[in-house]
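K.L.:
Spelled out from the first residue to the last, the chains are:
2 protein chains.
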Amino acid sequence: MILRLAIIGFGNIGQEFARLLLAKREWLLKSKGLDVEVLAIATRNRGSLLSRRGLDLQKVLGELKAKGHLRDYGPEVTALPPLSIIDECDADMMVELTTLDIEHGQPAKDHISNALQAGMDVVTANKGPIAHSYEELRSMARSRNVRLRFEGTVMDGTPVFNLVERTLPGCEVICLRGILNSTSNFVLTEMHRGRTMDEAVKEAQRRGFAEADPSLDIDGWDAAAKITALANVLMGAGMTPQSVVRQGIRDIGAEELLTEARNGKKIRLVATAKREGDGVELTVRRESVTSDDPFWAVDGTSSALTIRTDLMGDITVLETDPTVTQTAYAVFSDMLLTVESIRSGTL
Amino acid sequence: MILRLAIIGFGNIGQEFARLLLAKREWLLKSKGLDVEVLAIATRNRGSLLSRRGLDLQKVLGELKAKGHLRDYGPEVTALPPLSIIDECDADMMVELTTLDIEHGQPAKDHISNALQAGMDVVTANKGPIAHSYEELRSMARSRNVRLRFEGTVMDGTPVFNLVERTLPGCEVICLRGILNSTSNFVLTEMHRGRTMDEAVKEAQRRGFAEADPSLDIDGWDAAAKITALANVLMGAGMTPQSVVRQGIRDIGAEELLTEARNGKKIRLVATAKREGDGVELTVRRESVTSDDPFWAVDGTSSALTIRTDLMGDITVLETDPTVTQTAYAVFSDMLLTVESIRSGTL
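If you read the sequences in order, they're chains A and B.
Taking our numbering, the leading residue of the first sequence gets 1, the next gets one more, and so forth.
Taking our numbering, the leading residue of the second sequence gets 1, the next gets one more, and so forth.
Among the hints, a few may not be true.
You can't tell identical chains apart in this list, so a pair holds if it fits in one copy or across any two.
[As the list claims (entries may be wrong)] The calculated lysine to aspartate or glutamate pairs, modelled on EDC-like cross-linking and capped at a C-alpha distance of 20 Å, are:
{"no.": "1", "residue 1": "Lys274", "residue 2": "Glu172"}
{"no.": "2", "residue 1": "Lys202", "residue 2": "Asp110"}
{"no.": "3", "residue 1": "Lys24", "residue 2": "Glu135"}
{"no.": "4", "residue 1": "Lys30", "residue 2": "Glu172"}
{"no.": "5", "residue 1": "Lys265", "residue 2": "Asp292"}
{"no.": "6", "residue 1": "Lys202", "residue 2": "Asp314"}
{"no.": "7", "residue 1": "Lys24", "residue 2": "Glu165"}
{"no.": "8", "residue 1": "Lys265", "residue 2": "Asp293"}
{"no.": "9", "residue 1": "Lys265", "residue 2": "Asp299"}
{"no.": "10", "residue 1": "Lys24", "residue 2": "Asp310"}
{"no.": "11", "residue 1": "Lys24", "residue 2": "Glu172"}
{"no.": "12", "residue 1": "Lys59", "residue 2": "Asp35"}
{"no.": "13", "residue 1": "Lys32", "residue 2": "Asp72"}
{"no.": "14", "residue 1": "Lys274", "residue 2": "Asp110"}
Worth flagging that the hints you see were computed from the coordinates, not collected in a lab.
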């Protein structure tokens, strides 16, 4: 089976995903009988490529490394915008990896709906569309008999959506509680150890996981988008990040954390989703945790989610010290699960 | 679709599974289009039942509660031994819930192989056969085009086998580390808090999760069987519980734990599986853990497993304060996953 991909957005995650495809090429062929071809790669301002014969990923990665753009790649260079690339490329699957727009989840949402309408399966690591328009996109996918997967939107490749969907059949999710944002958790961990917020943010930027403007992390927006995505998918919440009762960590003082530390406590930025009447209440706020809480040991860029269900009680999953490899793996695993569905004729 | 079951072994887990089938009857019909009938129930010394028309689970549970046996149930009472019941019952799926035999995994292994040979799918919560004969049983299932599932053998219904199989495609398991035995963890937790081992064991027996003879738990055999089952399935170890380098907690003194506690440490009975050359090394032994270890917060009857993989790094799953409901759910979820496979024509 040949699987032809269009990759929209080609930053750190996209490039790591491409490296993973190269590294696993033999394994995919031998173990899965799967030959993955990339027909299109779209970037915002480093050039885009479109080819009916398939792109040479090694060459693509080499160009980006050497020149920082794709405009010298060869005749496959295209000036088409992403939406037109999706329409033109004739791929089987679209992989959406553009960056988060917290307000409306755009242009990712349009990329995804265009691909679904064109009859492509979609895999995304972009939480915006799932936090803003999950129901709409899911209905669209169903009506076109294609699949939409998004494991990488929360906790990288650690199974959370797939965990509930694929291993907890018949369980109803009652509530969710998680440490979902790496940067704020890293900052709180460093402050617990005596650093100032400014020092901790600079260190996170130096290590490459915090943005130049870390407000989305520090003000709780990233965690809000993630808990919304989780609640939309696992609890049918139908909400947006704007409806989350949200607290960040910006106004927290070094002294406050040290006082907590002296009392045997750590401050965590915790996102929760709880059923309230007919709806779901979403919050992101600071909590003091003690060492008998599983979240105590979730330091640095690690993350955690407790899923409370009717039949299985509380299950907690922890991800420890992830790198971009883990997010790329999310896309890789969703690609494989989609292929499995295609082959068994299920949605 | 009608699914006809034979349940071999009908203790706490079997009865809870029957209650779950009754509670979810409507949901199974409406959401899954599934009508589950139980054709046979075999117990060791409380009587066995066999019916082509299906048993009344409400009545079965009532008889057991009122009389402690099934011998007055009615004309479906049978004197056939379990192996003959499996041969005679004409069920679609055999559910194996007899108790653990640490030496050979019998008679559960024979029950399972008979059912597989007869073309039945099998779900079991008995770790013996998986720890002793996984490869053999798996080959047998494949050659007969039927399925063998066993999520309940380790950490009750918390997904561990299904987690790797169904949500981590393409990942190779490099090592495993877990707190897998409830009773010994409960005893260590109580001793950390100042109780003696004797008091803690009695309390575990009073609460109903420790056997009258708790040696399998206290001497590390139960944990050994579980890490063997995990390693056989997830790492292709092909080993038995007898090959585990095993330490228990029997010879641990109350003073030792209190000294650790004063030094900010807890003792845990930790099971590990690691690749060593061409093989896998299995151990069960005591470890001192500090509060930055995710296992620190795993107190009482809770359990935990860290799965280290090549592509996804470390994923840890925690189960908190499970009851028999969680083990019954393991069987229920494996039943549903098996039905899903039957419907999609996969193994």
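K.L.:
Hint by hint, which ones does this structure get wrong, listed from lowest number up?
P.N.:
When the structure is compared with the hints, numbers 2, 3, 6, 13 and 14 turn out to be violated.
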